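Just so we're aligned: 200 in the numbering used here is position 200 of the sequence shown, and the numbers increase by one with no gaps anywhere.
Treat the hints as calculated values from the structure; they're not laboratory data.
Please read these numbers as outputs of a predicted model, since none were measured by experiment.
For every residue, glycine included, the Cβ atom is placed at its ideal position computed from N, Cα and C.
The reader is advised that the hints may include incorrect statements.
Unchecked claim - Distance windows between CB atoms, simulated:
| hint | residue 1 | residue 2 | range |
| --- | --- | --- | --- |
| 1 | Glu199 | Pro245 | 20 to 28 Å |
| 2 | Pro121 | Ala168 | 16 to 24 Å |
| 3 | His25 | Glu153 | 29 to 37 Å |
| 4 | Asp243 | His25 | 34 to 42 Å |
| 5 | Arg214 | Gln132 | 28 to 36 Å |
| 6 | Gly62 | Lys110 | 28 to 36 Å |
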Amino acid sequence: SLLAAIAAVTSRIDFGPLVACTNFHNPALLAKQATTIDEISGGRLILGLGAGWNETEFRAFGFPYDRRIDRFEEAFTIIHTLLQEGAIDFDGEFYQARDCELLPLGPRPKGPPLMIGSKGPRMLRITLPHVQAWNVWWADTGNTPAGVAPLRELVDDAAREVGRHPEAIERTVAVLVRLPGGAGRVQGSGRDGTLAPLEGSPVEMAEVLRAYAREGIGHVQLVLDPITLDSIRALQPVLTELDRP
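Required output: the full structure, derived from the provided sequences and hints.
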């Protein structure tokens, strides 16, 4: 897979899917694959998980779209239990993992950190007892730091309801960035196309990213437009600016 290739040719970066749709995978096998990639990378995988949303993808791949959250709940139970405890005996309506052990275990005793990509109340109730991070897409924040607070409060309240301290769950957000050559990237619902991307001078872009940090965001995923090697190189001055005290 692409993640295995990234694990093999890098040595410092943390990486992972944003996010893996559990409904497209056998959950026990997905847990095993995650452990293998975490081993190859020396413990750098972040496993982002979600229930999926794009019905067209489900139809194209031949997976049922109905009862997505019910299916996710069973899959997530298998995945987090195998990664965090090493074994499970599970017989559900949608998935089975009978007398299943995760051997050999990966480089981290509790597996790679889990990140949930959702703001739905039921999804948060299912996942927040077990994940280390949550993520929201740039369309959900309006692609601005000002849009973070309502979602942060929503997730913090949900964390307290399931007995977790909000600070124990890292807050992350995707940010759409337009770089030279970008023509406008639309993903998700139609409203995404009306949102202004982050762009400007390195100083201006760095200041916006600092504003996300002031809103309690500990990690940002930059969604690049265009997705090219030149775009990655063009970010270097922004990163240099962020490193300034």
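Here is how each hint holds up against the structure:
Between glutamate 199 and proline 245 the CB atoms are about 25 Å apart, so this pair conforms to the stated range of 20 to 28 Å. With their beta carbons about 19 Å apart, proline 121 and alanine 168 fall inside the hinted range of 16 to 24 Å. As the Cβ distance of histidine 25 to glutamate 153 is approximately 32 Å, the hint placing it in 29 to 37 Å holds. The beta-carbon spacing between aspartate 243 and histidine 25, approximately 38 Å, falls within the hinted interval of 34 to 42 Å.
At about 22 Å, the beta-carbon gap between arginine 214 and glutamine 132 misses the expected band of 28 to 36 Å. Look at glycine 62 against lysine 110: about 34 Å separates their beta carbons, and that is inside 28 to 36 Å.
Against the hints set out earlier in the document, a violation occurs for number 5 only.
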